[in-house]
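Participant: Here are the chains, one letter per residue:
2 protein chains.
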Amino acid sequence: MKATVLVRPKPGILDPQGEAVESSLRHLGFAVSGARVGRLVELDVDAPDADRARAELERMCEQLLTNPLIESYEISLAEVGG
Amino acid sequence: MKATVLVRPKPGILDPQGEAVESSLRHLGFAVSGARVGRLVELDVDAPDADRARAELERMCEQLLTNPLIESYEISLAEVGG
Chain G
341 MKATVLVRPK PGILDPQGEA VESSLRHLGF AVSGARVGRL VELDVDAPDA
391 DRARAELERM CEQLLTNPLI ESYEISLAEV GG
Chain V
341 MKATVLVRPK PGILDPQGEA VESSLRHLGF AVSGARVGRL VELDVDAPDA
391 DRARAELERM CEQLLTNPLI ESYEISLAEV GG
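Heads up: the sequence lines are chains G and V, in that order. If you want this note's numbering, it's the 1-based position in the first sequence plus 340. If you want this note's numbering, it's the 1-based position in the second sequence plus 340.
Hints are computed from structural coordinates only; laboratory data are not their basis. C-beta: ideal position from N, C-alpha, C; glycine also. Some hints here could point you the wrong way.
Looking from chain V toward chain G, a few residues come up when the C-beta cut is under 7 Å (computed) [to be verified]:
| # | residue |
| --- | --- |
| 1 | G374 |
| 2 | A375 |
| 3 | L383 |
In silico negatives: residues of chain G with every beta carbon more than 12 Å from chain V [what the hints assert, rightly or not]:
| # | residue |
| --- | --- |
| 4 | L354 |
| 5 | G378 |
| 6 | A390 |
| 7 | D391 |
| 8 | I410 |
| 9 | E419 |
Chain G with its partners taken away, still in its complex shape (with noise of 0.2 Å):
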């Protein structure tokens, strides 16, 4: 079952990549403000449903994905068929 983690800095949390990225993108003349950088894990879980597979994506993330600290995350799955 394919799924997709997106892991990002919890709010009020220093983000020294997105500010950096903010700079940045200000000094090559963008208009822009709060800029978070977070990571994107896409992978492939073998789990018989959708239900078994979640639990095991919220695993992986408190296990390795994640800094629950100072990550929040958010798991996406593609329903693909049954």
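Here the structure of chain G is known, so what remains is to put chain V in place on it, guided by the hints.
Facilitator: Using the frame of chain G, we list chain V on its own:
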């Protein structure tokens, strides 16, 4: 106007970060395959309408946010009010 840009390594392009994630997840006992890691950029664009915002975002992607040779990007705009 709030915008989200998803940046992915193009198909066929080596993704060492995705390989590391996949290998680590398997070592933890997860049944996963095909892991790919990209970036998520969220920002506010000062533009009079969605078309103008999208055009600006495409220029940002070409100039700074992505490496068009090896990465593809997907732009989404949050439609808020008018």
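Participant: Under the constraints set out in the numbered hints, which ones does this structure not fulfil?
Facilitator: 5
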